[in-house]
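Participant: Residues per chain, in single letters:
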Amino acid sequence: MEISDSRRFQDVAIKSVVYAFLIFGAISVAIPYAWMFVTSVKPVEEIQSYPPSFIVKNPTLVPYKDLFRLVPMMRYIWNSIYVSSVVTVANLFFCSLAGYAFAKHRFFGRDKIFFILLGSIMIPWQVNLIPGFILMIKLGWLDSYKALIVPAMAGVFGVFLCRQFIMSVPDDLVDAAKIDGCGEFTIYRLVILPLIKPVLATLAIFTFLQQWNSFIWPLIVISSGEMRTLPLALSVLNGQFGTRFAMVMAGAVVATTPMLVVFLFFQRYFMKGITMIGY
Amino acid sequence: MAHKKSLFTQLNEQKWSFLFIAPAVLLFLIFVLGPLIASFYWSFTDFNGIQAAKWVGLANYKHIFLNDPRFWKSVRNTVIYTVGVIPPGMALSLMLAMAVDQQIRFKNFFRTIYFIPSVTSVIALSVIWKWLFAGEKYGLINHLLILMGLKPIDWLMSPVWTLPAIMIMSIWAGIGYNMILFLAGLQTIPTSVYEAADIDGANVWGKFWNITLPLLKPTMVFVVIMGFIASFQVFERIYIMTESEFGIGGVLDSALTIVAYLYDMGFRKFQMGYASALGYVIFAAVFIITIVNIRFVKTKVEY
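Residue numbers (the working numbering), protein chains in the order written: chain A, 18 to 296; chain B, 5 to 307.
The hints are simulated quantities; they were obtained by calculation from the structure and are not laboratory data.
One or more hints might be untrue.
To be verified - With a cut-off of at most 30 Å between alpha-carbon atoms, the simulated DSSO-like pairs for lysine-lysine come out as follows:
| hint | chain 1 | residue 1 | chain 2 | residue 2 |
| --- | --- | --- | --- | --- |
| 1 | A | K163 | A | K214 |
| 2 | B | K111 | A | K214 |
| 3 | A | K155 | B | K273 |
| 4 | A | K289 | B | K221 |
| 5 | A | K129 | A | K74 |
| 6 | A | K74 | B | K141 |
| 7 | B | K111 | A | K163 |
| 8 | B | K77 | B | K58 |
| 9 | A | K214 | A | K289 |
| 10 | B | K111 | A | K289 |
| 11 | B | K155 | A | K74 |
| 12 | B | K221 | B | K66 |
| 13 | B | K111 | B | K211 |
| 14 | B | K77 | A | K289 |
When you get a sec, could you build the whole thing from the sequences and use the hints?
Facilitator: Below is the structure:
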């Protein structure tokens, strides 16, 4: 009797600590976002008034109007959407195609080629910054969509992910399709693709996320005002208008909200994907 | 395969195979492997991006290691950053994971909210935190300090506080991602192990030290390795928080990290040969650290 009482007390105590900790953590995560939203609708006087407050007395949309007036924000949003979408679609196609061949075909040098590809995951990206930049100069691709899109069209990791997943598809299915007279591309399209939808969803989400948030590569290869993607635009905004906090925060809201919404809708895939690929 | 294929079928199948892997392999050759080799060559030259590269042998590497105080400053900063971010970040995310793993209400809500920073662009996070860390009394964090009776800090203008400020943001930003990994690790531990410990009368701490921690080792290794790699390559937050007309890295290079230094040398000073050598030094460092981590763990993970 006594033991179970102390157990119950212990349980309640632990639960309270757990909830307090979780709530404190959640507030800590939320505050910077709340501060971003609040600042983005504050008139100048309120930003400069002390003490800083989460309550806006006269909320205003002027920072957003300034933002869209002073810089071609719509163009930046479009650049980000366009580049991220094209790269994502290309990755889905090329990675699953290569993944299928590496998983189910037998061909000359298959394992060696795959091993070299896989090994390149170890290479830190910054080694490629300078030669990548020079290559873009040589190709005449600087400051173009091509520079942002083409090098990213088939990530090695995506190939690896698709291969692992397709290996679990029974050989019998592929063989049966062959006996039915299906061509290789038809097998890929009608047998393999429908079976690997989960991994394609994960790959799509992470590729899109990565492209949407990508910064260093655009920073290096983009020079003109209208080719910027959102993160790059935000960084320039921060440099040029660093003291106009409301407007910079409005820019941050524009850059983060779309991804936030996508995440809230597809979070199941995000969480699963992370443990699957360790993004 | 039981039956032997005819030569024709074999060739036919191989043709399709090469066609299928061609886009991925060609892109890899052109945009990864080719540049990598070019960069290795440039690291032994005085290449500046415009004139033809002149061979200088090991001069760049020698200069990096023997004669470059900025490089060593950036190494020092990167090490401080890594050591200051990974352990507290891991401890906090493990605690959160264990808290979320309990039988609690709003589990998904908490999980979701902690994860949000991981899907936000680092640029946006850095811009927000730059504003939180704003100097004097206008920054929210300084306001908190004042409320606690402390003096406000000129965070991003001070050689002492710039790097810690960025580290604080990084710990905050990384917790949700590590939490998800730990959560997955926790769920691989069978409840029967805990039940057995209950029967033996183990208390909460005993269970944590003797069951949870040892069985989480594989997850921890993964988290540490990923943390090391990310820390060694930290750049974007440094760029946003410290960029000024004088360059990046903060007052007196107080937050200049290795990759920030590489960027500065390559894309502001256009010493591309030298920066290529820096790139390979980072490559080697990341490689060695990963190997050491895996080794270290292999010897100690037996349980």
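Participant: Evaluate each hint against the coordinates.
Facilitator: Tested hints:
no. : hint            : verdict
1   : A:K163 x A:K214 : holds (28 Å)
2   : B:K111 x A:K214 : holds (27 Å)
3   : A:K155 x B:K273 : holds (20 Å)
4   : A:K289 x B:K221 : holds (20 Å)
5   : A:K129 x A:K74  : violated (65 Å)
6   : A:K74 x B:K141  : holds (20 Å)
7   : B:K111 x A:K163 : violated (43 Å)
8   : B:K77 x B:K58   : holds (28 Å)
9   : A:K214 x A:K289 : holds (14 Å)
10  : B:K111 x A:K289 : holds (16 Å)
11  : B:K155 x A:K74  : holds (28 Å)
12  : B:K221 x B:K66  : violated (39 Å)
13  : B:K111 x B:K211 : holds (22 Å)
14  : B:K77 x A:K289  : violated (40 Å)
Checked against the numbered hints above, the structure violates hints 5, 7, 12, 14; every other hint is satisfied.
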